[in-house]
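There are 2 protein chains.
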Amino acid sequence: MTTLGDSFHVYDTTLRDGAQREGISYSVSDKIAVARLLDSLGVGFIEGGWPGALPKDTEFFARAAAGDLTLKHAQLVAFGATRKAGVKVHEDQQVRALLDAQAPVVTLVAKSDRRHIELALKTDVAENFAMVRDTVKFLVDEGRRVFLDAEHFFDGFAFDPDTALRTLESAVEGGADVVVLCDTNGGQLPLGLAETVHDVVARTGFRVGIHCQDDTSCAVANTIAAVQAGATHVQCTANGYGERAGNADLFAVVGNLVTKLGLPVLPTESLAELTRVSHALAEIANIAPDSHQAYVGSSAFAHKAGLHASAIKVDPELYNHIDPETVGNGMRVLVTEMAGRASLELKGREFGIDLTRRPDALTNVVRKIKELEAAGWSFEAADASLELLLRDELSELDAPPFTLESYRVVLDHQKDGGIVSEATVKVHVGGERVIATAEGNGPVHALDAALRKALRPHLSWVDSVELNDYKVRILTDQHGTDAVTRVLVESTDGEREWTTVGVHGNIVEASWLALCDALVHKSLSPSQA
Amino acid sequence: MTTLGDSFHVYDTTLRDGAQREGISYSVSDKIAVARLLDSLGVGFIEGGWPGALPKDTEFFARAAAGDLTLKHAQLVAFGATRKAGVKVHEDQQVRALLDAQAPVVTLVAKSDRRHIELALKTDVAENFAMVRDTVKFLVDEGRRVFLDAEHFFDGFAFDPDTALRTLESAVEGGADVVVLCDTNGGQLPLGLAETVHDVVARTGFRVGIHCQDDTSCAVANTIAAVQAGATHVQCTANGYGERAGNADLFAVVGNLVTKLGLPVLPTESLAELTRVSHALAEIANIAPDSHQAYVGSSAFAHKAGLHASAIKVDPELYNHIDPETVGNGMRVLVTEMAGRASLELKGREFGIDLTRRPDALTNVVRKIKELEAAGWSFEAADASLELLLRDELSELDAPPFTLESYRVVLDHQKDGGIVSEATVKVHVGGERVIATAEGNGPVHALDAALRKALRPHLSWVDSVELNDYKVRILTDQHGTDAVTRVLVESTDGEREWTTVGVHGNIVEASWLALCDALVHKSLSPSQA
Numbered sequence: 001m002t003t004l005g006d007s008f009h010v011y012d013t014t015l016r017d018g019a020q021r022e023g024i025s026y027s028v029s030d031k032i033a034v035a036r037l038l039d040s041l042g043v044g045f046i047e048g049g050w051p052g053a054l055p056k057d058t059e060f061f062a063r064a065a066a067g068d069l070t071l072k073h074a075q076l077v078a079f080g081a082t083r084k085a086g087v088k089v090h091e092d093q094q095v096r097a098l099l100d101a102q103a104p105v106v107t108l109v110a111k112s113d114r115r116h117i118e119l120a121l122k123t124d125v126a127e128n129f130a131m132v133r134d135t136v137k138f139l140v141d142e143g144r145r146v147f148l149d150a151e152h153f154f155d156g157f158a159f160d161p162d163t164a165l166r167t168l169e170s171a172v173e174g175g176a177d178v179v180v181l182c183d184t185n186g187g188q189l190p191l192g193l194a195e196t197v198h199d200v201v202a203r204t205g206f207r208v209g210i211h212c213q214d215d216t217s218c219a220v221a222n223t224i225a226a227v228q229a230g231a232t233h234v235q236c237t238a239n240g241y242g243e244r245a246g247n248a249d250l251f252a253v254v255g256n257l258v259t260k261l262g263l264p265v266l267p268t269e270s271l272a273e274l275t276r277v278s279h280a281l282a283e284i285a286n287i288a289p290d291s292h293q294a295y296v297g298s299s300a301f302a303h304k305a306g307l308h309a310s311a312i313k314v315d316p317e318l319y320n321h322i323d324p325e326t327v328g329n330g331m332r333v334l335v336t337e338m339a340g341r342a343s344l345e346l347k348g349r350e351f352g353i354d355l356t357r358r359p360d361a362l363t364n365v366v367r368k369i370k371e372l373e374a375a376g377w378s379f380e381a382a383d384a385s386l387e388l389l390l391r392d393e394l395s396e397l398d399a400p401p402f403t404l405e406s407y408r409v410v411l412d413h414q415k416d417g418g419i420v421s422e423a424t425v426k427v428h429v430g431g432e433r434v435i436a437t438a439e440g441n442g443p444v445h446a447l448d449a450a451l452r453k454a455l456r457p458h459l460s461w462v463d464s465v466e467l468n469d470y471k472v473r474i475l476t477d478q479h480g481t482d483a484v485t486r487v488l489v490e491s492t493d494g495e496r497e498w499t500t501v502g503v504h505g506n507i508v509e510a511s512w513l514a515l516c517d518a519l520v521h522k523s524l525s526p527s528q529a
Numbered sequence: 001m002t003t004l005g006d007s008f009h010v011y012d013t014t015l016r017d018g019a020q021r022e023g024i025s026y027s028v029s030d031k032i033a034v035a036r037l038l039d040s041l042g043v044g045f046i047e048g049g050w051p052g053a054l055p056k057d058t059e060f061f062a063r064a065a066a067g068d069l070t071l072k073h074a075q076l077v078a079f080g081a082t083r084k085a086g087v088k089v090h091e092d093q094q095v096r097a098l099l100d101a102q103a104p105v106v107t108l109v110a111k112s113d114r115r116h117i118e119l120a121l122k123t124d125v126a127e128n129f130a131m132v133r134d135t136v137k138f139l140v141d142e143g144r145r146v147f148l149d150a151e152h153f154f155d156g157f158a159f160d161p162d163t164a165l166r167t168l169e170s171a172v173e174g175g176a177d178v179v180v181l182c183d184t185n186g187g188q189l190p191l192g193l194a195e196t197v198h199d200v201v202a203r204t205g206f207r208v209g210i211h212c213q214d215d216t217s218c219a220v221a222n223t224i225a226a227v228q229a230g231a232t233h234v235q236c237t238a239n240g241y242g243e244r245a246g247n248a249d250l251f252a253v254v255g256n257l258v259t260k261l262g263l264p265v266l267p268t269e270s271l272a273e274l275t276r277v278s279h280a281l282a283e284i285a286n287i288a289p290d291s292h293q294a295y296v297g298s299s300a301f302a303h304k305a306g307l308h309a310s311a312i313k314v315d316p317e318l319y320n321h322i323d324p325e326t327v328g329n330g331m332r333v334l335v336t337e338m339a340g341r342a343s344l345e346l347k348g349r350e351f352g353i354d355l356t357r358r359p360d361a362l363t364n365v366v367r368k369i370k371e372l373e374a375a376g377w378s379f380e381a382a383d384a385s386l387e388l389l390l391r392d393e394l395s396e397l398d399a400p401p402f403t404l405e406s407y408r409v410v411l412d413h414q415k416d417g418g419i420v421s422e423a424t425v426k427v428h429v430g431g432e433r434v435i436a437t438a439e440g441n442g443p444v445h446a447l448d449a450a451l452r453k454a455l456r457p458h459l460s461w462v463d464s465v466e467l468n469d470y471k472v473r474i475l476t477d478q479h480g481t482d483a484v485t486r487v488l489v490e491s492t493d494g495e496r497e498w499t500t501v502g503v504h505g506n507i508v509e510a511s512w513l514a515l516c517d518a519l520v521h522k523s524l525s526p527s528q529a
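So the sequence lines, in the order shown, correspond to chains A and B.
Sequential numbering from 1 applies to the first sequence in full-length UniProt numbering.
Sequential numbering from 1 applies to the second sequence in full-length UniProt numbering.
Same chains, same names: a pair is fine if it fits in one copy or spans any two.
In the SDA-like style, the derived pairs of lysine to any residue whose C-alpha atoms are separated by at most 25 angstroms in a straight line are: (1) K426 with E439; (2) K453 with V410; (3) K415 with L404; (4) K84 with R341; (5) K453 with G417; (6) K415 with A438; (7) K415 with K453; (8) K260 with T196; (9) K260 with H198; (10) K415 with T437.
Honestly, the hints are just simulated from the structure, not real lab data.
All chains, full assembly: derive it from the sequences and hints.
In structure tokens:
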């Protein structure tokens, strides 16, 4: 619990609304892992899914009830709908499943826009109010805490405020203690939304929550504006995952509430975990982290302009809206064409290399980087290659773990249309000369496979390194000379990620350089043995 | 021009502030292509870069002035700084370079936060005001329209409102006609920002613009809130590209201004082009389009099954905040703007193909494009391949000028470090079977050289086609299956340029497909004989 106790709710719906994002498909074990990470942050409520409607969600709640998921901070929430029109609440199977889930909290979704009640639900407003009141009361009588998600509230309130407000009233009459205003189609903007929230709070005195979708790119802003207008319960998803453009991003909402509005909505020690948890949740969702995400993205505090680097060294606070370490992130200086000594010194500090004591080495590295960048290299996104360059210049590198003698790649587009890529490498490793041949989908894949085959018997860690991403950029600016290819390779060993770069007129050689750097960089790390 | 004329400015800074995004590196030709696309949308101003500070930007303005870039709607803007402290304005080389760029508009960046003036600029406020006034006046006297970007304005105004406001005053005294309040570190939230904008407008009566960064995930919301508070000039970047978390996304800002606030800030016909232009600009930046981007993302109107499915069928307007076609988007998951019948009809017209009379062919092409796009193809930036597909479907294509039997590419990284790429093609052309072998810098270059060598004796126009640009994107979205490579080839015959696409698991085969399309497309043109 935070110092705010129950007076402010951080309510996470990654496992229910977040799972609506195209491409996400959580297993039950994934869901348990997600819930544990969210709980470790100290969110107040974790909406686990819709038991009864989705078999995986039913199983998730069953496993949680059986003790597979013990939460330290959060309360588990089952999501579901009110009873059907014309059905007695205790006879409604879907409502029954919400009880069976055994979660202490239930969030019910209900329609609050008269057009939806009449056109989609095909009933009248009076029956809608009864459905809400009956279902809330039934669950409260069974010992549950109940929140109401008022679907399409803002459009409904604009169209027919009376129906919208009476939906909320019906829930409160039944015993709901938070009514959540949902911008279901995501069409709101902050100033208008804040006005409505303020209006509802003033007219009803109810405890109001907010649930925003990102269809105007304003979900985070709308959530914050709602809090400023009186909402004390925010529904978010990790990394903004959700249907269509997504939901309000938990990390940006929490970052803003804590660092901008001064509301301690999470335990103090949790804020520095935001970046780590965000990336771990991306991992579980099998979605590449958004490098440009506010607060937690790897670029969120990355400065490119060489222009500013010297001023940043004087006082980083002049250029960052918060201290990146507050949210567990770090400032990065991107080394570009405009790189100067100041940016490289800062960069060295990131690697744990103190360059201030080595002015000569610094001069040499700056010169070398300028030469390489003039030839098409770019270290902006290739920290691992830059680190190798720095350490090499400081004579901190041992002999490389392997050296190349030669390679050959053959590509055959055969008469029958079949395509074969085959590579042979000759390398020296562990005092031996090794020759290995392998096939792949393409020339680089074949080369990578042949190299690993050659190294495997001598360097056992080789297979712990996986190629995560591979980017190719053809640099055609150099008119009159041959085009140059720049390859970026992102590797991972399951614990960390690093990026290397290779540049050459030949795309395969450029890829080879980046692949080699990736393995050499891994060989530096203490865990490689 | 829109119906709003000069009274509201959509000001794009993709080419300057957007280029600060980690990973973006525009060539001069890229910059010209970006400017053309933005101009086609009807934005009022295109900030092209910082002439004098960056050689590529200097070249861009020189090429624009030489007639390589003719704008229909927009005015070109040169960005730069005020004169240095203690230097006479007409002796300042950087200011001189702004004039030399020959752009009709200049945007000057100036510090408006006293701490930045004293700590980073190391001068006093009086000299800062003089720097602003002198530089604006000098440029205005030379016939330029001048806008002022007041850097770190919101922090500066909070810290010392007098210095912040007097910076604006100095610009207006010099003759600037818009003062742009910049949230340079991106730390603002909408309600507070709107209050400041309102306050500045009320106190000064100046024409105010807004420039927001996305560090709180509120750049779009902040921009809209500023307009509601009186700003009449919005600075944005395509897809929100920019330093750190990025800038306010042009497409979301425009979408919100037009569809939510009813401000016709772009020509009416442009709105339906937002999605296409957004994707084409992502292609040029070599960044995968964000599928969850508001308005223009491929998922922005994608509904996952469940709760809403049946009701959406009844009335989609109940579930979408706008009609997706308003912004050229569609309601299905894999629908891009190309898959719509209407846009394909329009596209056909561009090629001189009347598809309105061929509804069956249109249906087939739409289906075929959807299948190809599901497999990783993209025709957004490959008009020439799309034209071939359309003509093929209409049976308008003669037999292709050549057919492939097989090819082989061999790459040797030799013992002495030398690298040789050699390709052999076997093709049928002009009734003969031809075998040709050639070398190149890399596998694709060698293949291209061998193909030309084989075709040259039969197709005299082959050498008039030059490869202008070559882009590669690895599509790693398909987890569990092999990654797919998409290659875009831009060709020229000195008169016109055309782009073709190839997709395959093997990069060389993908390149081969795009190269072949490029030559086949040339063979269609009347000038090929």
